[in-house]
Amino acid sequence: MIIGIDMGGTNIDGVVIAAHDGRIVRQVKRPVDRSDYFRSIWNCIKELLRGTEKEDIKRINLSTTVSTNAIVENRISKVGVILQRGPGLKWRFDDLGENVVDVTGSTDHRGIPVSGENPDELTKIKADFLNNSIEAAAVVGKFSTRNPEFEKRAEEYLRDSFREVTMGHTLSGRLNFPRRVRTAYLNAAVCSTFKAFAENIEEALRREGIGAPVYILKADGGTVSLKGAKAKPVETILSGPAASLMGMTALLDEKEADRCLLDIGGTTTDLFFLADGVPVFEPSGIEIGGHKTLVRAVYSTSAGLGGDSYVRMEDGKLKIGPERKGHAVAFGGKHLTPTDALVYLGVMEAEHSRESAEALESMAKEIRMPPGEFAGMIIGNFCKSVRETIENALKKINSNPVYTIKELLDGRTVKPRSVGVIGGPAKALSKYLERELGLPVEYPPNHEIANAIGAALARPTAEITLLADTEREILSIPETGVYEKIGRTYDLRRAKERALSEVKSAGQAMGISSDVPGAEITEESSFNMVKEYRAYKNIRVKAQIKPGLVICRKAERG
Amino acid sequence: MQKGGKRMKAKNKLGLILFPAFDWAISPTHPEREERLLYTQDQLLEEGIEDVEGIHFFNPLIATKKDIDRVHFCYPGMEELVTESHLIAAGGVMRAFDAVLGGETDKSFALVRPPGHHAQRVVYGDRGFCIVNTEAVGLAYARRKYGDMRVAVVDTDCHHGDGTEDIYWNDPDTLYISFHQDGRTLYPGTGPIEDLGGPSAFGYNVNIPLPPGTGDEGFQYVLENTVLPILEEYKPDLIINSAGQDNHYTDPLTNMSFSAQGYAKLNSRLNPDIAVLEGGYSIQGALPYVNTGIILAMAELDYSGVAEPDYHLGRWKQSERITGEVKRISDEVLDIWRRREALGQKLFGGKSSVKRNRRVYYDTDGIFESQVQEFRPCPDCPGVDSIKSRNDLGASLIGFTIPRKACPACQKAGYDLFEKAKGLDVKKRFLQDLVRDEFFAV
Ligand SMILES: [Zn+2]
Ligand SMILES: [Zn+2]
Chain A
0 MIIGIDMGGT NIDGVVIAAH DGRIVRQVKR PVDRSDYFRS IWNCIKELLR GTEKEDIKRI
60 NLSTTVSTNA IVENRISKVG VILQRGPGLK WRFDDLGENV VDVTGSTDHR GIPVSGENPD
120 ELTKIKADFL NNSIEAAAVV GKFSTRNPEF EKRAEEYLRD SFREVTMGHT LSGRLNFPRR
180 VRTAYLNAAV CSTFKAFAEN IEEALRREGI GAPVYILKAD GGTVSLKGAK AKPVETILSG
240 PAASLMGMTA LLDEKEADRC LLDIGGTTTD LFFLADGVPV FEPSGIEIGG HKTLVRAVYS
300 TSAGLGGDSY VRMEDGKLKI GPERKGHAVA FGGKHLTPTD ALVYLGVMEA EHSRESAEAL
360 ESMAKEIRMP PGEFAGMIIG NFCKSVRETI ENALKKINSN PVYTIKELLD GRTVKPRSVG
420 VIGGPAKALS KYLERELGLP VEYPPNHEIA NAIGAALARP TAEITLLADT EREILSIPET
480 GVYEKIGRTY DLRRAKERAL SEVKSAGQAM GISSDVPGAE ITEESSFNMV KEYRAYKNIR
540 VKAQIKPGLV ICRKAERG
Chain B
0 MQKGGKRMKA KNKLGLILFP AFDWAISPTH PEREERLLYT QDQLLEEGIE DVEGIHFFNP
60 LIATKKDIDR VHFCYPGMEE LVTESHLIAA GGVMRAFDAV LGGETDKSFA LVRPPGHHAQ
120 RVVYGDRGFC IVNTEAVGLA YARRKYGDMR VAVVDTDCHH GDGTEDIYWN DPDTLYISFH
180 QDGRTLYPGT GPIEDLGGPS AFGYNVNIPL PPGTGDEGFQ YVLENTVLPI LEEYKPDLII
240 NSAGQDNHYT DPLTNMSFSA QGYAKLNSRL NPDIAVLEGG YSIQGALPYV NTGIILAMAE
300 LDYSGVAEPD YHLGRWKQSE RITGEVKRIS DEVLDIWRRR EALGQKLFGG KSSVKRNRRV
360 YYDTDGIFES QVQEFRPCPD CPGVDSIKSR NDLGASLIGF TIPRKACPAC QKAGYDLFEK
420 AKGLDVKKRF LQDLVRDEFF AV
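Residue numbers (numbering that gives the first Met the number 0), protein chains in the order written: chain A, 0 to 557; chain B, 0 to 441.
Please note that the accuracy of each hint is not assured.
What the hints assert, rightly or not - Listed below are the simulated DMTMM-like cross-link pairs for lysine to aspartate or glutamate, each with C-alpha atoms no more than 20 Å apart in a straight line: (1) A:Lys541 x A:Glu496; (2) B:Lys5 x A:Glu286; (3) B:Lys234 x B:Asp301; (4) A:Lys89 x B:Glu299; (5) B:Lys8 x A:Glu286; (6) B:Lys5 x A:Glu496; (7) A:Lys318 x A:Glu365; (8) B:Lys5 x A:Asp94; (9) A:Lys151 x A:Glu198; (10) A:Lys426 x A:Glu348; (11) A:Lys151 x A:Asp94; (12) B:Lys426 x B:Asp436; (13) A:Lys405 x B:Glu83; (14) B:Lys144 x B:Asp68; (15) A:Lys318 x A:Glu406; (16) B:Lys264 x B:Glu216; (17) A:Lys89 x B:Asp301; (18) A:Lys89 x B:Asp68; (19) B:Lys8 x A:Asp93; (20) A:Lys395 x B:Glu319; (21) A:Lys541 x B:Asp22; (22) B:Lys5 x A:Asp93; (23) B:Lys404 x B:Asp364; (24) A:Lys541 x B:Asp391; (25) B:Lys326 x B:Asp415; (26) A:Lys405 x B:Asp22; (27) A:Lys536 x B:Asp424; (28) A:Lys394 x B:Glu216; (29) A:Lys405 x B:Glu78; (30) B:Lys387 x B:Glu373.
The set of hints was computed from the structure by calculation and includes no laboratory data.
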């Protein structure tokens, strides 16, 4: 049995899924107690466990808002930030608090130290931080992914004095100093909150005698072990959309194609894309609370309208959303919504269909339009808006910069061949969406617990960035802390082997079994460096374990 | 948590076409190889340029044969000489023009390779790593798409842009100004002050040959005292900066002492609408910093923090002797600019044909070319011109150009000349009709 839990803003959904065939054995919905996330989750787990033997539980997967809410609600530790930025753009970090300090020294793009910091600087900073009751620290250098020595020195010096010291290079191998600073800051800031939550979970499981491992969902649609999440809690932010996306992939039939996925909620419709069945990611990383980070995340965007959007006439024009004024009239609300139009069109059942029809007819009368036609217009406009949002999103995704002639000429673009829809009005809207989008639309059963299913079935993901520089004779993989000497003859073949074995062991550390599915090289290049008539290599390899499902459910026809 | 300070916003919206062409090289160890923009890209990524609001990244277009035909006579033909990498580099510049003239951004910068400013009207092969003059192809495309305009091309590459000079030699609507290391000390050897342009555009080719060792101070002097006054008088609709970066003190092929700060400041004062990367082969020590500096200057962001790791104020200060020499050259160029009409009248007044003999060396491909250019001044337009050329591999051609603003008589004359040239002993005849945007090669 696999337990999957998705904690949203108001509700917490849980499912128990049979590990051998993916059948949903049990499902639970409870309200979230925002003053005690652990208690909310624990109650849900206990409820799910009823009727299940403890020994049968293979794993417990959680999609939580613990880190997200800590950031958004500003319930975070007091963080001191030490930067070694050297020359360049003058990004400001003063919004990170009063304790953001620069040290001298810099490292260049090759990872060659230009000059180091003065040891006295760290001494003074540590004393100041302690005086200012700093709880956690983040240390970040420009190009620290190329040479982490400064961050390591600072971490070692501060380690014993603060609850957490986050080193920027450990969070991502991507180059982007300002994002690295903010990601490290957020990691240090939520560490304490997340650790407390994790320890509560561990403690409770121990008390109950449950030995199953716990995994936390990440924003990229993969999971990380509870232990891994305690070290890098920032990776657990904004996992909600990832849960929804993974849930949809689990519920839908076709797995390999380019697809567009829609999650129609009350006020918004969220969009996701799959390219050959693999989620399309945000190009640089996700943004939270105005902080642009390096946290890898599935790409998602929203259209500002959903089933409960407020429908009215304004200056003779039909307007839908973006605000919501309560439920649809058909479900006891006071204001007209797209849901009411669907009820009027006879494609959706409702409790208050008579009131709903009256509300629609009265607005139709105002503009002297037959009510059936008016209902059709509302749904038509709704679908057109969704189509425009999809088109704009695709335009953006498909114009991401490319850097090689091959990529430019091949022009690989995401072109959805079908659409998957979940959410309350999914089934009712499907034929209208089909007509507007000119694509087959599929609406899976069990969509109301798609997020919990997504959390349950997501498997670990990992990403590593390898750089081998045979002139400096250095190999570095920041995500796994590799920074070691190599020989002059190191080549691309060896680099690729190393990258694969490294990403697999990173996956195993996150709980993937010995046979690691989905490990792949995503980028590889080997450049000639010429210096004083000698040629060296600058080898770059990226590898990942791509998001996927631990078991492939056979879709149940609903 | 305090709000604010999370964003950085460009004052000028800037379009960047960063296309490093990681899968193309002239040869594995040639300076123009895959690695050339690798460290520049690393630096820009690490600096977080992609997150600056108002800076947008665009992928290049791919230039077509017609785009190339507007500028070049390719022998034996475009397909034999021009690779995809050249079409994409030129297409990158075309995209830069679209960004600005199409209203997407205020300015744009094409960081593309290979460069183009040594590619002349006749192309037999590669010269100075150039086959297609990317800026000229971009400009010709833009003039066709957005209408004719008065343009100044300011070339800050260390080498004289002999290709660009050749293309606009007789075009009064394209002012070419080149800063370069004196041709007596550096490839391609051309670019003396006295080369001032053809009879219809005399004085609109402005060469500023600078002594080896010229540094920030010297470039600044020339810009403030000569280039900006000339531009002020010329009043271009558009300023293009051929932003070669080999004046840098670390460049392996040249002998100048210019810095990233110097380049950024120059760009900021010049205030170009479009910049195009040309040469620059100090790919680790210069390009990452110079490009960052230029991007910030174009976006009107604070570039004072940009510096090379080994840069020390004072270390690259030019000598007193150079300062004096730069001042003398700069003043002479300005003096000639002011007297250009009288000088042109004296040289060409009353002539209906002006001939010019040239010898051109293709260093990369080892080809020698000799050509005779003929200009036919007309009172109503710049007049038809032609190039008769042969090279030491036995190739020969004649090409006629009907300029964009040709009068009906000259347009007809172009076709007549092309027809008459049938009898000439050349392997290929070309006609560029830039009025109708039609091109013939037989
Ligand atoms: Zn050059
Ligand atoms: Zn004429």
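Evaluation of the provided hints:
Annotation: proposed proximity of Lys541 of chain A to Glu496 of chain A holds, straight-line Cα distance about 11 Å (limit 20 Å). Restraint check for Lys5 of chain B and Glu286 of chain A: the C-alpha separation of about 11 Å stays at or below 20 Å, so the hint holds. Proximity of Lys234 of chain B to Asp301 of chain B is assessed by CA-CA distance (about 27 Å); at most 20 Å being required, the pair is judged violated. A C-alpha spacing of about 13 Å is found between Lys89 of chain A and Glu299 of chain B, which places the hinted pair at or below 20 Å, so the restraint holds.
Using a Cα cut-off of 20 Å, the hinted pair Lys8 of chain B and Glu286 of chain A holds, with the two alpha carbons roughly 17 Å apart. For the hint pairing Lys5 of chain B with Glu496 of chain A, the CA-to-CA distance comes to about 40 Å; that exceeds 20 Å, so the pair is violated. Restraint check for Lys318 of chain A and Glu365 of chain A: the C-alpha separation of about 15 Å stays at or below 20 Å, so the hint holds. For the given pair, Lys5 of chain B sits about 7 Å from Asp94 of chain A by alpha-carbon distance, which is consistent with the 20 Å threshold.
Only pairs whose Cα atoms come within 20 Å are accepted, and Lys151 of chain A paired with Glu198 of chain A is rejected, the gap being roughly 27 Å. Restraint check: the Cα-Cα separation between Lys426 of chain A and Glu348 of chain A comes to about 11 Å, which is no more than 20 Å; the hinted pair holds. For the hint pairing Lys151 of chain A with Asp94 of chain A, the CA-to-CA distance comes to about 25 Å; that exceeds 20 Å, so the pair is violated. Note on Lys426 of chain B and Asp436 of chain B: the hinted pairing is violated, with a Cα-Cα distance of about 24 Å set against a maximum of 20 Å.
Of the supplied pair hints, the one linking Lys405 of chain A and Glu83 of chain B holds, its CA atoms being roughly 10 Å apart against a limit of 20 Å. Restraint check for Lys144 of chain B and Asp68 of chain B: the C-alpha separation of about 15 Å stays at or below 20 Å, so the hint holds. Between the alpha carbons of Lys318 of chain A and Glu406 of chain A the distance comes to roughly 42 Å, so the proposed pair goes past 20 Å and is violated. For the proposed pair Lys264 of chain B and Glu216 of chain B, the alpha carbon gap of about 11 Å is at most 20 Å, so the pair holds.
At roughly 7 Å between alpha-carbon atoms, Lys89 of chain A and Asp301 of chain B fall within 20 Å of each other, so this suggested pair holds. Between Lys89 of chain A and Asp68 of chain B, the direct Cα distance comes to roughly 44 Å. Violation of the 20 Å bound is thereby established for this hinted pair. Distance restraint check for Lys8 of chain B and Asp93 of chain A: the Cα-Cα separation of roughly 16 Å lies within the 20 Å cut-off, and the hinted pair is therefore satisfied. For a cut-off of 20 Å, the pair hint linking Lys395 of chain A to Glu319 of chain B is broken: about 54 Å separates their Cα positions.
Taking the CA atoms of Lys541 of chain A and Asp22 of chain B, the gap is near 17 Å; set against the 20 Å cutoff, the hint holds. Using a Cα cut-off of 20 Å, the hinted pair Lys5 of chain B and Asp93 of chain A holds, with the two alpha carbons roughly 8 Å apart. Under the criterion of a C-alpha separation no larger than 20 Å, the hint pairing Lys404 of chain B with Asp364 of chain B is inconsistent with the structure, at around 35 Å. Among the hinted pairs, Lys541 of chain A with Asp391 of chain B is inconsistent with the structure: their alpha-carbon atoms are about 49 Å apart, more than 20 Å.
Proximity of Lys326 of chain B to Asp415 of chain B is assessed by CA-CA distance (about 49 Å); at most 20 Å being required, the pair is judged violated. For the proposed pair Lys405 of chain A and Asp22 of chain B, the alpha carbon gap of about 8 Å is at most 20 Å, so the pair holds. Our distance criterion of 20 Å between C-alpha atoms is broken by Lys536 of chain A and Asp424 of chain B, whose separation comes to about 51 Å. Distance restraint check for Lys394 of chain A and Glu216 of chain B: the Cα-Cα separation of roughly 46 Å exceeds the 20 Å cut-off, and the hinted pair is therefore not satisfied.
For the proposed pair Lys405 of chain A and Glu78 of chain B, the alpha carbon gap of about 18 Å is at most 20 Å, so the pair holds. At most 20 Å may separate the alpha-carbon atoms for a hinted pair to count; Lys387 of chain B and Glu373 of chain B meet this at roughly 8 Å.
In terms of the numbered hints stated before, the structure departs from hints 3, 6, 9, 11, 12, 15, 18, 20, 23, 24, 25, 27, 28, listed from lowest to highest.
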